[in-house]
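Sequential numbering from 2 applies to the sequence shown in the working numbering.
There are no misleading hints in this set.
Subject to a maximum C-alpha distance of 30 Å in a straight line, what follows is the list of computed DSS-like cross-link-like pairs (lysine-lysine):
hint, residue 1, residue 2
1, 50, 70
2, 292, 307
3, 196, 242
4, 159, 70
Here are the in silico distance ranges between beta carbons for each label pair:
hint, residue 1, residue 2, range
5, 227, 193, 14 to 22 Å
6, 234, 52, 30 to 38 Å
7, 277, 227, 19 to 27 Å
8, 142, 217, 33 to 41 Å
9, 258, 23, 52 to 60 Å
10, 234, 313, 39 to 47 Å
11, 41, 227, 35 to 43 Å
Just so you know, the hints here were simulated from the structure itself, not pulled from any lab data.
Virtual Cβ for every residue (Gly too), placed ideally from N, Cα, C.
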Amino acid sequence: MNPTIKFVMKNKFFYCRFSIDVEPIQINNFALDIRKLNKNILTIQDLLKNGTLDSVIAAFLYFNILRRKNITVTGETDTGKTTLINAFDLLTPKEFRKIYIENIIESLNQFDYGKHQLKYKVNSLEGSIEEKYSKSTQIKTLLHRTPDIIYLGEILTKEEAKAMFHCLAAGLRGFQTIHSKNIDSLINRFLYHFKIDQSCLNDLDLIILMKKNFNERKVIGVFEFFRNTDVSNKLYYPLFKYNPESQKWALIKSLYEANVITELTNYENLPEDKFSSFINIYIEIFEFISKVDRIDNFELIEFFHKISYHSFKSIKSLVCYWNELKKNRSLNS
2 MNPTIKFVMK NKFFYCRFSI DVEPIQINNF ALDIRKLNKN ILTIQDLLKN GTLDSVIAAF
62 LYFNILRRKN ITVTGETDTG KTTLINAFDL LTPKEFRKIY IENIIESLNQ FDYGKHQLKY
122 KVNSLEGSIE EKYSKSTQIK TLLHRTPDII YLGEILTKEE AKAMFHCLAA GLRGFQTIHS
182 KNIDSLINRF LYHFKIDQSC LNDLDLIILM KKNFNERKVI GVFEFFRNTD VSNKLYYPLF
242 KYNPESQKWA LIKSLYEANV ITELTNYENL PEDKFSSFIN IYIEIFEFIS KVDRIDNFEL
302 IEFFHKISYH SFKSIKSLVC YWNELKKNRS LNS
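Start from the sequences and build out the full structure, keeping to the hints where you can.
Structural data, given as structure tokens:
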């Protein structure tokens, strides 16, 4: 019998995560922790409007999501990690086959939006009689289910981390979150707490660090790992970095020179002018939705279905669609 249990309760009145501990691990026999979650779906439009990130970061991340690059969001508790990956998960093409493996179901139900989702609820306790249902065991089985995107939720244990890197090394990509104070702390967790080999860190692709200041949650930086670790003994570098004085994000390195883009050019015809055209259009799109009144979730998601369709077709198709939309000033074009 497990003395600890967690579950999420959703209804029309509230959306909360409950954690219950009983003896023998709770010295007063019983403890109940309740975390109130936002029952409203926060879309990328909401996050742009409240200043969680800007349109340039959104454009770059969206470009990489369409190409199934891996995104890990890290930060301390209650910094908006899950909210961010859920917002981007809503933007994935409807053709993508997505598999979710979570301890607590915090991902969004997207069937009504025409998305393909296969969800598993698992246990993080390893070495128990339920080990065959553990998260790490289920993660390892993903290779036989041929997903386009994997959603792993929060990585909690050494076994889960090893299973995650096993999948990443095999070519699976998606979204996951993990607690850390900063990028150095994240590396320490991987290398020393979870015993992950340093060479595996490159498989993470993009790392997003989030912070909470009072009630504001922000992307503090977007990072990559150096392919050559001899560079000043530093394992990572920022692509974007938030400046609290100007309250804006600085682009630290040319996005076309990012590792994730350099890797893409090995198998995709992606000269710099074509890449820049994609990014510039995406920036215009995200700036547009950040300035207009809130768009209905169904309308917003259908709009990004069209954006992904034209993006996959050709840059010319995307340019024509976006120019027509701007002319009509309507998402229904």
